[in-house]
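First to last, the protein sequences are chains A and B.
Heads up, the first sequence is in this note's numbering, so the first residue is 1 and it goes up one at a time.
Heads up, the second sequence is in this note's numbering, so the first residue is 1 and it goes up one at a time.
Rather than coming from a laboratory, the hints here were simulated on the basis of the structure.
Do not take every clue at face value.
[What the hints assert, rightly or not] What the simulated footprint calls covered on chain A by chain B, stretch by stretch (three residues with Cβ under 8 Å from a Cβ of chain B suffice, anywhere in the stretch; the number is not a length):
| # | region |
| --- | --- |
| 1 | 111 to 119 |
| 2 | 188 to 194 |
| 3 | 214 to 227 |
[What the hints assert, rightly or not] Quick partial rundown of chain A residues pointing at chain B, CB under 7 Å, derived from the structure:
| # | residue |
| --- | --- |
| 4 | G74 |
| 5 | R75 |
| 6 | Y77 |
| 7 | A78 |
| 8 | P83 |
| 9 | A89 |
| 10 | R94 |
| 11 | G95 |
| 12 | L96 |
[Claimed, not checked] Covered stretches of chain B, going by a simulated chain A footprint (3 or more residues, C-beta under 8 Å):
| # | region |
| --- | --- |
| 13 | 5 to 16 |
| 14 | 49 to 60 |
Cβ coordinates follow ideal geometry from the N, Cα and C atoms, glycine included.
Here is how the chains run, residue by residue.
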Amino acid sequence: MTGTAETAEAPGLIEVRGLTKRFGGKVAVDHLTFTVEPGRVTGFLGPNGAGKSTTMRLIAGLDRPDSGTATVGGRPYAQLARPLTRVGALLEARGLHPGRSARNHLLFLAQTQDIPARRVDEVLDLVGLREVARKRAGGFSLGMTQRLGIAAAMLGNPPVLMLDEPANGLDPEGIRWVRTFMRQLAAEGRTVFVSSHLMSEMAVTADHLIVIGRGALIADCSTGEFIQKSSERSVLVRTPDRARLRELIIDEGGTVRDGDGAMVVSGLPAPRIGELAAGASIVLHELTPQLPSLEEAFMELTADSVEYGEASRP
Amino acid sequence: MSAAGLLASEWTKIRSVRSTLWSLLAFVVVAVGFSTLVAFVISGNWNKPGPHPEHLTLLTDPTQVIFGAGFGIGQLAMCVLGVIVISSEYSTGAIRSSLLAVPRRLPMLAAKAAVFVVLDAVVSAVTVFAVFFIATAILRSHVPVTLSQPGVMRAVIGGILYLAVLGLFALAAGGLIRHTAGAIAAVIAMVLVVPPLISLIPGTVAHHIHGYLPTVAGVLVAQTRQQPADVLSPWQGFGVFCLWTAALLAACGWLLVRRDA
Numbered sequence: 001m002t003g004t005a006e007t008a009e010a011p012g013l014i015e016v017r018g019l020t021k022r023f024g025g026k027v028a029v030d031h032l033t034f035t036v037e038p039g040r041v042t043g044f045l046g047p048n049g050a051g052k053s054t055t056m057r058l059i060a061g062l063d064r065p066d067s068g069t070a071t072v073g074g075r076p077y078a079q080l081a082r083p084l085t086r087v088g089a090l091l092e093a094r095g096l097h098p099g100r101s102a103r104n105h106l107l108f109l110a111q112t113q114d115i116p117a118r119r120v121d122e123v124l125d126l127v128g129l130r131e132v133a134r135k136r137a138g139g140f141s142l143g144m145t146q147r148l149g150i151a152a153a154m155l156g157n158p159p160v161l162m163l164d165e166p167a168n169g170l171d172p173e174g175i176r177w178v179r180t181f182m183r184q185l186a187a188e189g190r191t192v193f194v195s196s197h198l199m200s201e202m203a204v205t206a207d208h209l210i211v212i213g214r215g216a217l218i219a220d221c222s223t224g225e226f227i228q229k230s231s232e233r234s235v236l237v238r239t240p241d242r243a244r245l246r247e248l249i250i251d252e253g254g255t256v257r258d259g260d261g262a263m264v265v266s267g268l269p270a271p272r273i274g275e276l277a278a279g280a281s282i283v284l285h286e287l288t289p290q291l292p293s294l295e296e297a298f299m300e301l302t303a304d305s306v307e308y309g310e311a312s313r314p
Numbered sequence: 001m002s003a004a005g006l007l008a009s010e011w012t013k014i015r016s017v018r019s020t021l022w023s024l025l026a027f028v029v030v031a032v033g034f035s036t037l038v039a040f041v042i043s044g045n046w047n048k049p050g051p052h053p054e055h056l057t058l059l060t061d062p063t064q065v066i067f068g069a070g071f072g073i074g075q076l077a078m079c080v081l082g083v084i085v086i087s088s089e090y091s092t093g094a095i096r097s098s099l100l101a102v103p104r105r106l107p108m109l110a111a112k113a114a115v116f117v118v119l120d121a122v123v124s125a126v127t128v129f130a131v132f133f134i135a136t137a138i139l140r141s142h143v144p145v146t147l148s149q150p151g152v153m154r155a156v157i158g159g160i161l162y163l164a165v166l167g168l169f170a171l172a173a174g175g176l177i178r179h180t181a182g183a184i185a186a187v188i189a190m191v192l193v194v195p196p197l198i199s200l201i202p203g204t205v206a207h208h209i210h211g212y213l214p215t216v217a218g219v220l221v222a223q224t225r226q227q228p229a230d231v232l233s234p235w236q237g238f239g240v241f242c243l244w245t246a247a248l249l250a251a252c253g254w255l256l257v258r259r260d261a
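Could you put together the complete structure from these sequences and hints?
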């Protein structure tokens, strides 16, 4: 079963081309095109309701796209032989029967792929659920349920991991564990595609970001580049001679907004503003470069695409 | 992905939830308990004065009396199990895990149907034979009924076949409706409510429609002898029931592949 075409080249590549999905008349995913590369953690970022979960469900073949394609290792998910050995997906916390034990949940999944039962015990150890393996999953905490989902994703030891909000419901220790785990998987050369609505979470985990809003692509770049690009550098300036400095700044190509008792200048770096002021003998009381937080940068970029007051998942 | 693996997987699923055991237990207890009770009552009242229509039925169609009581109600437990085997995957979200593992979907449905129908048939066979031997032992002094009498063996085997196909019928309904309560209501309506309603309508058209209803046709194969009012022969009736079930399963599979999970 192995050695088929999809393993020949880049088994870890996720390719999404023009992917579109509507629910009723509402566009959930809007002509999305991006590629997820192996060997790094790719963050899939967007506000709640941006279409992240739907995109992942489309990649995993649970939903049918209205148009466009999504492939893993060059093939649509539905055409993968033994798909759990190619892609490990944690899509929703509640993908299991509450009356079934953790072990039996993993066992039935393993059996569909002809994965030996001892692998079930291995992944239970991996996520630290060995002790409760024979307990009904319905009694698990959110964090344990999430760990069980990660165990299921790792069952086939796949080159691609696709995790939808894996930190959801985890305590700080669990969050750190997931973070380390994802970094480790990427270091092993696997593709790690992980969604989140929290920029701060992605800033410390992801090497690369794919940002969407209202189902459409907003950014596809490295995490550093995203921060750089999105933080429209602005500078806070206080001066007794606002009118003259404003004129100079505007002539130089900057833009000025008035704050309370100060000006916020964008489009010019702080040293250049200082030089302009010195050249015209204008006194400066303050000259402070503003470093917007990642969260702010993210909010700024996605501000137009937040769906107010509406939950996304149909 | 091997057929053996898929069958093993579905067996793991069905044996690892409590609803399976409870449904089957309810089926056996109700079927055996009720049939035994009715046999005892018939036997106890045998020589009492009064009209005894069941005496005539016992002579012309003994399996109807023996099975009718217990399986008329007991079959509902099998219907419930058939529905929840698939609908519980939707209500709990387990279907997403299942379809991630078997994204072509139809092999999963086929394996699920196969595992369930075998379980259904095995439990039904044991229960049907148990009911038959218990009831005939109780009634022996009044009306001896044996497997070698004409039509009796066919009716006993027919009862097992009916229960097996009924389970598949319920499973297909569960997969179509995907909602446990809704699907159980629909199946019970088809088994218990619709046939007597249709039979209230006078005229031959309604009589024929009634005769071709899934379970009305299907249960004929569990009768020892064709009754004058029956539209179909035992095997014709069973064939009609199988066609209904096949159509429902086909619709279930067709939608399973096309619908978002």
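**Request:** Double-check A89(A) for me: the hint is only fine if its C-beta lies closer than 7 Å to a C-beta in chain B.
**Result:** With a minimum Cβ separation of about 6 Å from chain B (threshold 7 Å), the hint on A89(A) holds.
**Request:** Examine the region 49 to 60 of chain B for residues whose CB is less than 8 Å from any CB of chain A, and state whether their number is three or more.
**Result:** Not satisfied, violated; 0 residues make the cut.
**Message:** Between the region 188 to 194 of chain A and chain B, are there enough contacts, at least three residues with CB-CB distance under 8 Å, for the coverage claim to hold?
**Reply:** violated (count 0)
**Item:** chain B over the region 111 to 119 of chain A, status - at least 3 residues with CB closer than 8 Å
**Value:** holds (count 4)
**Prompt:** Minimum Cβ distance from A78(A) to chain B below 7 Å?
**Reply:** A78(A) check passes; min Cβ-Cβ to chain B is 4 Å, inside 7 Å.
**Item:** Restraint satisfaction for R94(A) [CB to CB of chain B, less than 7 Å]
**Value:** holds, 4 Å
**G95(A) as an interface hint toward chain B, with CB separation required under 7 Å** = holds, 4 Å
**Asked** Per the CB criterion, is R75(A) less than 7 Å away from chain B?
**Response** violated, 11 Å
**Prompt:** Given P83(A) was flagged as interface, is its beta-carbon under 7 Å from a beta-carbon of chain B?
**Reply:** Holds, because the Cβ-Cβ distance from P83(A) to chain B comes to roughly 6 Å (cut-off 7 Å).
**Request:** Examine the region 5 to 16 of chain B: at least three residues should have C-beta closer than 8 Å to a C-beta of chain A.
**Result:** holds (count 8)
**Prompt:** Against chain B, does the region 214 to 227 of chain A show at least 3 residues with beta-carbon separation below 8 Å?
**Reply:** violated (count 0)
**Message:** The hint names L96(A) as touching chain B; please verify it with the least Cβ-Cβ distance against 7 Å.
**Reply:** Cβ of L96(A) sits 5 Å from chain B, so the hint holds.
Consistency with the previously given hints fails for numbers 2, 3, 4, 5 and 14, ordered from lowest to highest.
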